[in-house]
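So for the sequence shown, UniProt numbering puts the first residue at 1; every next one is plus one.
Since the hints were derived computationally from the structure, they do not count as laboratory data.
Wrong hints could be hidden among the right ones.
[Unchecked claim] Cross-link-like lysine to aspartate or glutamate pairs, in silico, EDC-like; alpha carbons within 16 angstroms at most:
1) K90 to D268
2) K168 to D118
3) K169 to D268
4) K107 to E143
5) K291 to D268
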Amino acid sequence: MSAVLSSSVETFPHASAPSQGFDIRPLPGPLGAEVLGLDLSRPLGEADFARLHRAHLDHHVVVFRDQRITPAQHVTFSRRFGPLQIHVLKNFQLADHPEILIVSNVKDEAGQPIGLGDAGHYWHSDLSYKERPSLGSLLHAQELPGEGGDTLFADQHAAYDALPAALKKAIAPLQAEHSYLAKYEELRARNPWRPQLTAEQIAEVAPAVHPVVRTHPETGRRALFVNEHFTTRIVGLPENESRDLLAELFAAAVQPAFVYRHQWQPHDLVFWDNRSVQHLAAGTPDSERRKLYRTTVEGDLPL
């Protein structure tokens with residue numbers, strides 16, 4: 001299946017903007033590429049956008065270096081890939097920009113967190129618990145710690161390709177349930193500032209069922225689509241069999257050979273494909289400040 005620009009991509013008035021002549025360079029490791037010489041605060045023409053889209057499909061994680069963009073520009077660029085999803089924890093939205101989730105361990109003068117400080121505590125694909133999970137997420141560095149704060153990405157196409165043939169055959173017809181609530185109370189016990197969800201919020205994140213093996217809608221490649229944070233069970237299997245199979249798949253999904261570790265640089269904007277990778281926050285010492293802004297692009301129904 002050839003990759004084409006998504007039909008959900010919006011048309012922008014700068015389609016004929018001149019090319020910025022940027023470079024796209026693969027990162028050392030099994031996945032990822034960095035974009036150098038591009039300024040996302042300037043108009044981006046369709047030809048340049050097509051190059052970025054292709055790089056995103058090919059490399060799964062794209063790092064835009066030194067992006068000194070405003071939240072509004074962050075939202076505008078993100079929307080070129082599709083509609084944006086709003087996180088259920090509305091208290092961590094950026095003021096005037098509900099599309100942006102603040103990911104931060106910083107507390108205000110009253111001692112209250114300004115953002116979601118434990119985001120990425122477990123391996124996961126963003127919003128896999130939604131009926132239409134995320135196409136991708138764009139995370140923009142605002143304030144980085146002096147130590148820690150790395151983000152790990154695991155290639156789920158490579159993980160699937162490496163499975164034994166018998167296991168591939170066994171999981172081909174299976175579906176799994178994903179739930180935002182799977183580890184919510186566990187995280188809340190560690191971080192009491194996580195709000196107790198209202199009935200309306202719980203309804204907003206009702207569990208969803210997706211294929212264990214997902215076919216990428218733009219490239220046709222197969223990938224594992226289960227993760228330790230949100231996947232609760234294999235539909236139709238006894239509990240013990242479901243638990244054992246998920247444990248095997250979780251381990252297979254994040255083997256070191258499939259992982260790229262991103263060490264953040266100031267003003268990095270990282271755009272990853274949630275249909276192709278899982279990610280994990282490596283953690284930040286409590287003494288260090290970390291703040292990033294995240295947008296999340298809505299994807300397709302998994303096939």
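Quick rundown of the hints versus the structure:
no. : hint         : in the structure
1   : K90 to D268  : violated (25 angstroms)
2   : K168 to D118 : violated (33 angstroms)
3   : K169 to D268 : violated (40 angstroms)
4   : K107 to E143 : holds (13 angstroms)
5   : K291 to D268 : holds (12 angstroms)
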